[in-house]
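A.B. asks: In case you want the letters, here they are:
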Amino acid sequence: GAGVSQSPSNKVTEKGKDVELRCDPISGHTALYWYRQSLGQGLEFLIYFQGNSAPDKSGLPSDRFSAERTGGSVSTLTIQRTQQEDSAVYLCASSNRPLDTQYFGPGTRLTVL
Amino acid sequence: AQKVTQAQTEISVVEKEDVTLDCVYETRDTTYYLFWYKQPPSGELVFLIRRNSFDEQNEISGRYSWNFQKSTSSFNFTITASQVVDSAVYFCALIRANAGGTSYGKLTFGQGTILTVHP
Chain A
1 GAGVSQSPSN
11 KVTEKGKDVE
21 LRCDPISGHT
31 ALYWYRQSLG
41 QGLEFLIYFQ
51 GNSAPDKSGL
61 PSDRFSAERT
71 GGSVSTLTIQ
81 RTQQEDSAVY
91 LCASSNRPLD
101 TQYFGPGTRL
111 TVL
Chain B
114 AQKVTQAQTE
124 ISVVEKEDVT
134 LDCVYETRDT
144 TYYLFWYKQP
154 PSGELVFLIR
164 RNSFDEQNEI
174 SGRYSWNFQK
184 STSSFNFTIT
194 ASQVVDSAVY
204 FCALIRANAG
214 GTSYGKLTFG
224 QGTILTVHP
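Chain order of the listed sequences is A and B.
Reading the first sequence from the start, the letters are residues 1 to 113 in our numbering.
Reading the second sequence from the start, the letters are residues 114 to 232 in our numbering.
Rather than coming from a laboratory, the hints here were simulated on the basis of the structure.
Glycine included, every Cβ here is placed at the ideal spot set by N, Cα and C.
Be aware that a few hints might be false.
A few chain A residues facing chain B, derived, Cβ under 10 Å [as the list claims (entries may be wrong)]:
1) 42
2) 44
3) 65
4) 69
5) 72
6) 105
7) 107
8) 109
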């Protein structure tokens, strides 16, 4: 079946603008995760959705970052007032259940000028 | 808090050599899962293996093998007869599975090992 998809694949924006990144998980997967990969910080967890439970936002680096998951499927990660340090690859993953294997999408490369 | 350490930042080998990627982890949980992912130049993280903390059996899949030793908190990955297509960044990761607290269900990654296989 189809894997995790993310859009856009690349996003270039100017400092101070808002951006939205989209993730379509594998159909039927109840858990959805966002991670960020940057040169200095490696792969770091951002936020986690499980079913209808409140999301775990403990990894979000600032209140400029937010995410939602509509209908238990598609998720959108929003970064407001982007800063240059937000430049990174944003990876989405999904799993059938919280402790199952997470399958990753191709990522969105965000560049903030 | 849990931690995953991949001490080898970069490894360079010639095709057909065997290569072992080291992974050492720290966790206070008794139940956890360990993973290896491959990130080829295309950028997508590809799942390779998942082990739970109660299963210390080594595993072999084709040219890949994994050695899990709880006594040394290590989960090493060996590629036998390496090929150019094995060139990638390899990540070791851990999920804590004891319910409660933060980090439940989230992957904690090592810094990755860049493997280059030369023809």
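A.B. asks: Please check whether residue 72(A) passes as an interface residue: C-beta within 10 Å of a C-beta belonging to chain B.
C.D. replies: Given a least distance of 16 Å, the restraint on residue 72(A) is violated.
A.B. asks: Is the interface hint for residue 65(A) satisfied, with its Cβ closer than 10 Å to some Cβ of chain B?
C.D. replies: With a minimum Cβ separation of about 16 Å from chain B (threshold 10 Å), the hint on residue 65(A) is violated.
A.B. asks: Closer than 10 Å between Cβ atoms is the bar; does residue 107(A) clear it against chain B? Give me holds or violated.
C.D. replies: Where the cut-off is 10 Å and the nearest Cβ of chain B is about 6 Å from residue 107(A), the hint holds.
A.B. asks: Classify the hint on residue 69(A) as holds or violated, based on whether any CB of chain B lies nearer than 10 Å to its CB.
C.D. replies: 15 Å, violated
A.B. asks: Take the shortest C-beta to C-beta distance between residue 109(A) and chain B; is it under 10 Å?
C.D. replies: Result: holds, 8 Å to nearest chain B Cβ.
A.B. asks: Is the hint on residue 44(A) kept, meaning its closest Cβ partner in chain B is under 10 Å away?
C.D. replies: 8 Å, holds
A.B. asks: Once the shortest beta carbon distance from residue 42(A) to chain B is found, is it less than 10 Å?
C.D. replies: 5 Å, holds
A.B. asks: Do the numbers back the hint for residue 105(A), that is, is its least Cβ distance to chain B under 10 Å?
C.D. replies: 7 Å, holds
In this structure, the hints that do not hold are numbers 3, 4, 5, in rising order.
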